[in-house]
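**Q** The task is simple: from the sequences and hints, build the whole structure.
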Amino acid sequence: MWLAFYNPTATGDVLLLTRDSNSTSAKSFERKGDVAVVRPAHQEEIVSVNIFNASQYLDLSETGQVLLSDEQLKTINELISKTDYEAEVKVDATPKFVVGYVESCDPVEDSDHLSLTQTNVGDTTLQIVCGAKNIRQGLHVLVARPGAVMPSGLIIWPSELRGVPSYGMVCSTRELQLEGVGNTEGIWELPDHFEPGTPLDEVIAQLN
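Okay, so the sequence shown: first residue is 20 according to this note's numbering, each after it adds one.
Treat each hint with caution, since some may be false.
To be verified - Restraint ranges, calculated between C-beta atoms of paired labels, are given here: (1) S74 x Q156: 47 to 57 angstroms; (2) A60 x L173: 17 to 27 angstroms; (3) F71 x G182: 34 to 44 angstroms; (4) S88 x R155: 39 to 49 angstroms; (5) A60 x K109: 16 to 26 angstroms; (6) Q156 x P59: 34 to 44 angstroms.
Said to hold, decoys possible - The calculated BS3-like cross-link candidates involving lysine-lysine, where the alpha carbons are at most 27 angstroms apart (straight line), are: (7) K115 x K93; (8) K152 x K115; (9) K46 x K101; (10) K46 x K109; (11) K93 x K109; (12) K93 x K51; (13) K109 x K51; (14) K51 x K101.
The hints are simulated quantities; they were obtained by calculation from the structure and are not laboratory data. Note that beta-carbon positions come from the ideal geometry of N, C-alpha and C, so glycine has one too.
**A** Have a look at this one:
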């Protein structure tokens with residue numbers, strides 16, 4: 020899963036593409052023309068790509084996270100191919116902030132505040148570790164799926180908490196910067212009529 024970012028004020032005319040959840044590990048960098056690639060040290064797999072002079076190749080009207088069109092993806096992959104780097108950028112356009120239904124909720128072993136949930140998000144059930152006091156079985160919640168970019172800039176990747184795999188994040192209104200929509204202490208408790216998988220924008224439209 021690749022994510023794209025463009026912020027010419029902060030980084031210049033560079034499109035940043037990444038699928039790397041380990042931003043602190045040692046990396047190697049290589050550049051050919053306007054394409055630079057990043058690999059974990061001593062590995063061949065490309066985990067990030069930078070397109071320099073990006074506006075010469077792409078019409079980029081968005082700043083921050085960029086939701087790439089099929090045409091933009093084609094242009095990017097053609098640029099990479101011309102450099103002989105072995106990487107193909109693909110994106111997942113499905114909504115990343117969706118309603119979830121907490122099917123089960125159990126304490127995480129050796130933790131006094133973490134809970135292990137199985138949360139139905141419509142097309143699948145995600146195992147998510149949550150630290151909120153009000154998490155419990157039977158809640159309808161708002162889930163940030165892997166690949167979501169929070170308003171703070173935090174990217175949600177699959178991770179581990181206390182050694183337990185977690186595939187998403189159960190969100191509060193504060194984390195979503197939606198205090199005006201609902202302001203539950205802890206995670207956002209949604210009305211029961213919302214179906215798992217309902218995108219966040221539809222939730223907001225129905226609540227307003």
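**Q** Do the alpha carbons of K93 and K109 lie within 27 angstroms of each other, as the hint requires?
**A** holds, 10 angstroms
**Q** Please verify whether K152 and K115 have alpha carbons no more than 27 angstroms apart.
**A** holds, 24 angstroms
**Q** Regarding the pair K51 and K101, is the alpha-carbon distance no greater than 27 angstroms?
**A** holds, 10 angstroms
**Q** Can the restraint linking K115 and K93 be considered satisfied, given a maximum Cα separation of 27 angstroms?
**A** Roughly 23 angstroms separates the two Cα atoms, so the pair holds.
**Q** For F71 and G182, compare the CB-CB distance with the range 34 to 44 angstroms and indicate the outcome.
**A** Given a distance of about 40 angstroms, which is inside 34 to 44 angstroms, the answer is holds.
**Q** At the C-beta level, are S74 and Q156 separated by a distance inside 47 to 57 angstroms?
**A** Holds, at about 50 angstroms.
**Q** Looking only at beta-carbon atoms, does the pair A60, L173 fall within the given range of 17 to 27 angstroms?
**A** Distance hint for A60, L173 holds at roughly 24 angstroms.
**Q** Under the criterion that the straight-line Cα-Cα distance not exceed 27 angstroms, is the pair K46, K109 satisfied?
**A** Roughly 22 angstroms separates the two Cα atoms, so the pair holds.
**Q** Just tell me: holds or violated, for the beta carbon distance of A60 and K109 against 16 to 26 angstroms?
**A** The hint (16 to 26 angstroms, Cβ to Cβ) holds, given that A60 and K109 are roughly 24 angstroms apart.
**Q** Should the hint that Q156 and P59 are 34 to 44 angstroms apart at their CB atoms be regarded as holding?
**A** Because 39 angstroms falls inside the window, the suggested range holds.
**Q** Is the straight-line distance between the alpha-carbon of K46 and that of K101 27 angstroms or less?
**A** holds, 23 angstroms
**Q** Sort out whether K51 lies within 27 angstroms of K93, counting only the CA atoms.
**A** With a Cα-Cα distance of about 19 angstroms, the restraint between K93 and K51 holds, given a limit of 27 angstroms.
Consistency with the previously given hints is maintained throughout, with no hint failing.
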